[in-house]
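Participant: Here's the letter readout for the chains.
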Amino acid sequence: MKVKSVFLAAAFSISFLIAGCSSDDHSVSTPDDEEVSVESSSSFTLDDLDDILNELSSSSEKKATSSSATKKTSSSSKTTAKSSSSKKTSAKSSSSQKVTKPENKRCIDDTTKAIKKALEKVKANSVEMFKAFGKKDIDKIKTDSRSTLDMYRTILKKSPNSCEAQVGYAITSVINLSNDTLLNSIIDVYRSGDNATSLNEDNVINNLIITANEFTSGRKTITQKIQDEIIKSSLPTVDSAIVYLQNILAEKDYAFDISVDGNPKELDKSEFAPALGVLFAVKAFFTMASSINLEFSNKKTYDWINDFRTIHSDRKELDGKQVQAVKMVVSLIGFDKMFTSVYDNRLEAWKTIPDLLDSAFTEARSGFKYSIKESTTPGMQDNDIYVVGDDADADVSIDDIQNIITALDIALDAIEAPYKVKTNDINVTIDVRKFFQKNKGIFNYAPYYSYSDETNLCSYYFTNAKGDSTLSFCSFIDRESHTKEEMETYITFPDPTFGGILPYTKTQKDVWDLLEDIKDNM
Amino acid sequence: MKFSDLKILPALLLATASYGAWSTQGLADCSGLFLLDQKNQKIQARSCTIKDSTQVKNISAMAGYTHVGIDLYKNHIGKDDLYSWTIKSENSEDIGYAAVQADFRYLDFRIDVYSFPFFIASTNWYMPDSIVFAGASFGQGEFSFLDFSWVSASNLSVIPNINATFSDKPHYRQFDIGTKIQNHTARFNFLYGDTDPSTEDAGYIFSDSSHFWAINSNYTYSGTANTASLLYTYLTADVNAFGLLRENNSVKRFFFLPAGIDINMLKADFRHLFGNNPQTASAFSARAIILDLKLALLWDDRRFYETLAPNRALTSSIIKTLSFSVYNRSFRIYGTAEAVVLDAGLGYEWNRRIGMFRLKPNIFADFFYAKADIDLRNRTETSNMFYSEHTTDTLIWELGVAGSLVNLGLSLETPKHFFAAVNIYQVVPFYFNLKTPFHKETPEEEIPPGPDQPPPGPDQPIPDIPEETPPKSRTTLKSIFSGAFRNGFAINAQIGLRF
Chain G
0 MKVKSVFLAA AFSISFLIAG CSSDDHSVST PDDEEVSVES SSSFTLDDLD
50 DILNELSSSS EKKATSSSAT KKTSSSSKTT AKSSSSKKTS AKSSSSQKVT
100 KPENKRCIDD TTKAIKKALE KVKANSVEMF KAFGKKDIDK IKTDSRSTLD
150 MYRTILKKSP NSCEAQVGYA ITSVINLSND TLLNSIIDVY RSGDNATSLN
200 EDNVINNLII TANEFTSGRK TITQKIQDEI IKSSLPTVDS AIVYLQNILA
250 EKDYAFDISV DGNPKELDKS EFAPALGVLF AVKAFFTMAS SINLEFSNKK
300 TYDWINDFRT IHSDRKELDG KQVQAVKMVV SLIGFDKMFT SVYDNRLEAW
350 KTIPDLLDSA FTEARSGFKY SIKESTTPGM QDNDIYVVGD DADADVSIDD
400 IQNIITALDI ALDAIEAPYK VKTNDINVTI DVRKFFQKNK GIFNYAPYYS
450 YSDETNLCSY YFTNAKGDST LSFCSFIDRE SHTKEEMETY ITFPDPTFGG
500 ILPYTKTQKD VWDLLEDIKD NM
Chain P
0 MKFSDLKILP ALLLATASYG AWSTQGLADC SGLFLLDQKN QKIQARSCTI
50 KDSTQVKNIS AMAGYTHVGI DLYKNHIGKD DLYSWTIKSE NSEDIGYAAV
100 QADFRYLDFR IDVYSFPFFI ASTNWYMPDS IVFAGASFGQ GEFSFLDFSW
150 VSASNLSVIP NINATFSDKP HYRQFDIGTK IQNHTARFNF LYGDTDPSTE
200 DAGYIFSDSS HFWAINSNYT YSGTANTASL LYTYLTADVN AFGLLRENNS
250 VKRFFFLPAG IDINMLKADF RHLFGNNPQT ASAFSARAII LDLKLALLWD
300 DRRFYETLAP NRALTSSIIK TLSFSVYNRS FRIYGTAEAV VLDAGLGYEW
350 NRRIGMFRLK PNIFADFFYA KADIDLRNRT ETSNMFYSEH TTDTLIWELG
400 VAGSLVNLGL SLETPKHFFA AVNIYQVVPF YFNLKTPFHK ETPEEEIPPG
450 PDQPPPGPDQ PIPDIPEETP PKSRTTLKSI FSGAFRNGFA INAQIGLRF
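Chains as they are written, first to last, in numbering that gives the first Met the number 0: chain G, 0 to 521; chain P, 0 to 498.
Calculated from the structure, these hints are not laboratory results. Heads up, the beta-carbon is just placed ideally off N, CA and C, and yes, glycines get one too. Check the hints yourself; a few may be wrong.
Claimed, not checked - With the Cβ distance kept under 8 Å, some of the chain P side facing chain G (calculated, not the full set):
(1) N248
(2) K251
(3) F303
(4) K319
(5) F385
(6) F417
Stated by the list, open to error - When the alpha-carbon atoms are kept at most 27 Å apart in a straight line, the in silico DSSO-like pairs for lysine-lysine are as follows:
(7) P:K434 / P:K38
(8) G:K264 / G:K298
(9) P:K359 / G:K372
(10) P:K38 / G:K134
To be verified - Here are the simulated distance ranges between beta carbons:
(11) P:Y326 / G:L181: 46 to 56 Å
(12) P:Y326 / G:E294: 35 to 45 Å
(13) G:E294 / P:N39: 29 to 39 Å
(14) G:Y342 / P:I76: 34 to 44 Å
(15) P:S316 / G:N262: 50 to 60 Å
(16) G:T339 / P:Y326: 49 to 59 Å
(17) G:T339 / P:N39: 46 to 56 Å
(18) P:N39 / G:N305: 44 to 54 Å
(19) P:L321 / G:F295: 44 to 54 Å
(20) G:L456 / P:K87: 28 to 38 Å
(21) G:R190 / P:Q40: 25 to 35 Å
(22) P:A101 / G:Q401: 30 to 40 Å
(23) P:Q40 / G:T142: 42 to 52 Å
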C-alpha cells in the first residue's frame with residue numbers, strides 16, 4: 000500500500016512532464032485587417048468622374064435613398080442659423096476664375112445616387128492625398144490636391160449645395176495653395192542656389208537675397224508680387240473655404256464620415272468649427288501680410304542687406320556700399336516712416352482684422368464647447384478623431400478642453416474691448432483694436448531722435464519734443480544703467496498711448512513706469 | 000511584461016517562505032548579484048537579511064529585517080538626441096517581517112506579516128505519524144515599489160521625463176496535501192491568485208490586473224546515505240499590464256499589454272553522503288533541470304488599448320489636444336517568445352575537522368544550454384485628422400547560449416553555536432549565438448492575401464508575412480569573454496548563531 004502511493008505520486012509527477020502543461024488561452028491572434036488591401040484610387044481620373052456624373056443626367060433616379068453623410072441626432076429641425084460669428088465674416092470672393100464662388104447658404108446632404116457614387120470615388124482620391132501628407136511626399140500632395148480639387152469643383156457644378164462636396168472642396172482648396180505658381184517658382188529658385196539645403200545663416204541669407212533679386216523685375220519687387228498673389232489668389236481661396244465651412248456648420252449636427260485604413264472616422268462640429276477658426280486666423284494673417292508696407296528693397300535690389308552685414312561693430316570707416324546700406328536702414332526705420340504702414344487701398348481690409356480674429360477665436364471656442372457636450376452623451380464620439388472624457392477610454396480630459404476654452408475666452412476679451420492685463424506688478428490696459436484702425440507704420444511711435452551724419456551711429460542723438468538734443472546714442476549704449484528718471488529725461492515718445500493701444504499711459508512717466516514694471520518681471 | 004513577472008515571483012516566494020525558512024535562530028545573510036555591468040546597461044541586486052527566532056513552549060515567534068536593493072540602468076542611443084533615452088531604476092527597500100506560529104498536537108497556525116504590507120495566514124494539519132498531512136494558506140497585500148524613471152536625452156522632447164512606480168494588490172490561496180511513508184515523501188500543492196490594479200496615485204502609474212495559478216508536485220526519498228527528489232512545477236498567468244496618467248479628475252491609459260505566460264519546470268536532485276553521520280560526512284550532489292517558458296503577447300485591436308500611445312502620455316496641454324488632429328502615433332506589439340533551458344550539474348562537498356571547527360569547502364559546476372526564440376510584430380499606427388495608416392515591423396531574435404555556472408563555497412561551523420559560509424557564483428559562457436534583431440518594415444497594403452489561418456496557439460508560430468532571409472550575425476566569443484567576469488557574478492555570505 001505504501002509502495003503503491005509512492006509510485007502514484009511519482010507517476011503523477013512524470014505524467015505532467017510527458018504531457019506538459021499549457022494553457023490554451025494564450026493564443027496570439029492577428030489583426031483582422033492584416034490582409035486587407037486598400038483599394039487604390041490613384042487611377043481614378045476626372046474623365047471617370049464625368050462618366051459617373053453623366054449617368055446622372057441619363058438616369059431617371061433623382062432621389063437618394065441613403066446618405067453617407069450622417070446626422071448625429073434624429074432631430075429634423077433644420078436651422079437656418081449661421082455659425083455663431085458668421086455675421087462678422089467679410090468673406091468676399093474675388094474675381095479669380097480658379098476659385099469656385101460660393102454662396103453663404105445651408106448645404107444639403109440628400110444628393111442623388113450618382114453624386115454620391117462620385118463623392119465616394121473622390122473621397123478615396125483625397126485619402127491618397129492625405130496619405131501623401133503622412134509620407135511628406137510634397138509632389139504627390141500637389142498633384143493629388145490639384146486633381147481632387149478639380150473633381151470637387153466638377154461635382155459642385157452639378158450639385159452646388161452638396162454638404163460633402165463643400166467640405167471636400169473647402170479642405171482641398173486650402174491644400175491646393177501648395178500648387179501656387181509664384182510660390183513654387185520662388186521655392187525652385189531658392190533650391191537651385193548654392194548649398195540650398197544648408198541651414199547655415201550665411202547660406203540662407205545669401206540664397207534669400209539671390210531669390211528676392213531674381214523675382215524683382217519690371218515694376219514690381221518680390222514683396223509686391225507676393226502681396227499681389229495673396230490678394231489675387233490666396234485670400235479668395237480662404238474666403239470660399241470659409242463660406243463652405245460656414246454652410247456646413249449651419250447644417251445642424253452634420254457629420255462627415257470617411258473610412259481610412261479600414262477605420263471609420265467622423266468629422267463633426269468639434270473639428271469643423273476649430274478648422275473654420277483656423278481659416279479665419281489664416282485670413283487675418285494673409286490680410287495683415289498683404290496690407291502693410293514691407294518693402295525693403297533699395298532701388299529694386301536687396302544686395303544692401305549683405306553690405307550691411309559686413310559692417311562690424313568696431314566703428315571703422317565705412318566704404319561706399321556700407322554707407323548706402325546704413326542709409327537704407329535709416330530710411331526704413333527713419334524718416335519716410337512708410338515701412339510697416341498700411342497701404343491706403345488696403346485700409347478697409349486692415350480694419351477687418353480684429354473681427355477676423357474675433358471670429359477665429361469664437362469658432363474655435365464653439366467647436367471645443369461642442370466636444371465637451373459630446374462627451375456627456377455615450378456613443379457620440381465613437382469615431383471621432385479624439386475622444387473627450389475623464390476616464391481611461393478617452394484621449395483628452397474635459398479639463399484639457401476647458402483650459403483651451405479659457406485661453407480662447409481671454410483672447411476674445413482682449414480682442415473685443417480694451418483688455419486689462421493685471422499681474423502682481425503689471426497693471427496695464429491694452430486696446431488691440433486701435434492698432435488696426437490706423438495706417439501709420441510702427442516707427443511713427445519710436446522716440447524722437449536726430450543725427451548730424453547719417454552714416455555715423457555716434458552722431459545720432461535722442462531729442463525732446465522740441466528737437467533739442469538730450470543724449471547721444473553712443474553715450475546711451477556705453478553707460479551701463481540708467482534710472483527711470485534719467486530715461487524719462489533723455490527719451491521722449493511722440494505718443495505715449497501708442498496710437499491708443501495703451502489708452503491709459505497718457506504721460507511719458509506712465510510709459511516708463513510700465514517699462515520698468517515689465518523689466519522687473521522679466 | 001517584466002513588471003508583471005516580478006509581481007508573480009514575490010507571491011510565490013512568499014508562499015515558500017512560510018515553510019520554515021526562518022527556522023534558523025539568529026542569522027545574517029547577504030547576497031550580491033552582478034548580472035550585467037556595462038557602459039550602457041547595468042543589472043545589479045543586493046540584499047541583506049537579519050533574522051531571529053525564539054520559542055516558548057508551543058509558540059514560536061520570528062522577526063526579520065531585509066534590505067533589498069535593485070539597480071537597473073539602460074541607456075539607449077538613437078539616431079539623435081530626440082531618439083535617445085535613459086531608463087533607470089534604483090530601488091532600495093527596507094522590509095520588516097514578523098511571524099507567530101502556534102503548534103498543537105495535530106495542527107499548527109501561523110501568521111506572517113510583511114511591511115509592504117503583506118499578510119499571510121496559514122495552517123497545517125497532520126496525522127500523528129505524518130502519513131497524511133495537509134495545509135492551506137492565504138495571503139494578500141500590496142506591492143508598491145520598483146520606482147523608475149525614463150529621461151529623454153533631448154530637452155526638446157515633448158515628454159522630457161517620466162517618473163513612475165509599479166504597484167498592485169496581489170492575493171493568493173494555496174492548498175497542500177502530502178504523504179510521508181518511511182523514507183518517501185510526496186507532496187502536491189495548488190496555488191491560485193490574482194492581482195488587483197492599484198491606480199489611486201497621481202502622475203504616471205503602472206499596474207496590472209492578472210490572475211495566475213500553479214501546481215507543484217514533489218517527491219523526495221531520504222535514505223541514510225542517499226537523498227533524491229523530483230519536482231515538477233507548472234505556472235500559468237494571464238497578465239494585463241497597463242500604464243496610466245492620472246491628472247486632477249482625469250485618467251488616461253497610454254500603455255496596455257495583455258500577455259499569457261506558461262512555465263513548465265522539472266527538477267531532479269540527488270545527494271549521496273560518504274558516511275553515516277551527516278555532520279561529518281562529505282557529500283556528492285547532482286542536479287538536472289528542464290525549464291520551458293512561453294510568453295504570448297496578445298493582439299488587441301480596441302481603441303485605447305494600444306501597447307503604447309505616447310500622445311496620451313502627454314500631460315495636459317494644448318499640444319496634447321492638438322496632437323490627435325495633427326500627428327497621432329501609437330504602437331501595438333504582439334507575438335510570441337519561447338525559451339527552453341536545460342541544465343545538469345555535479346558537485347562535491349568536503350567535510351574536514353580542524354580543531355573544534357568543521358570546514359566544508361564545496362564546488363558545484365553545471366552545464367547549461369538555453370535557447371530563446373522571440374518572434375514579435377510591431378504595428379505602428381499613424382493618423383491625423385484626415386488619414387491613418389499602419390505599418391508592421393517584424394522583429395525576430397534567436398538566441399542560443401551554452402555555458403557553465405560554477406559555484407565555489409566554503410563554510411565553517413562549530414559543533415553547536417556558530418556557522419559562517421561564503422559562496423561565489425560565476426557564469427562561464429562557452430557558446431553564444433544571437434541572430435541580430437531581424438527588422439523589416441512591411442506596409443500592410445503590400446501583403447498578399449493569404450488563406451485563412453486558424454488562430455495559432457503558443458506552440459505554433461504566428462502567421463508569417465513573407466520575409467526575406469534574416470541577416471545572420473554572430474556575436475564573437477571574444478566579446479563575451481571580455482565581459483564575462485564582470486558580468487554574471489554573484490556572491491552570498493551568511494553568519495549564523497544557534498542557541
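Participant: So which hints don't hold here, by number, going up?
Facilitator: 6, 8, 9, 10, 11, 13, 14, 15, 16, 19, 20, 21 and 22
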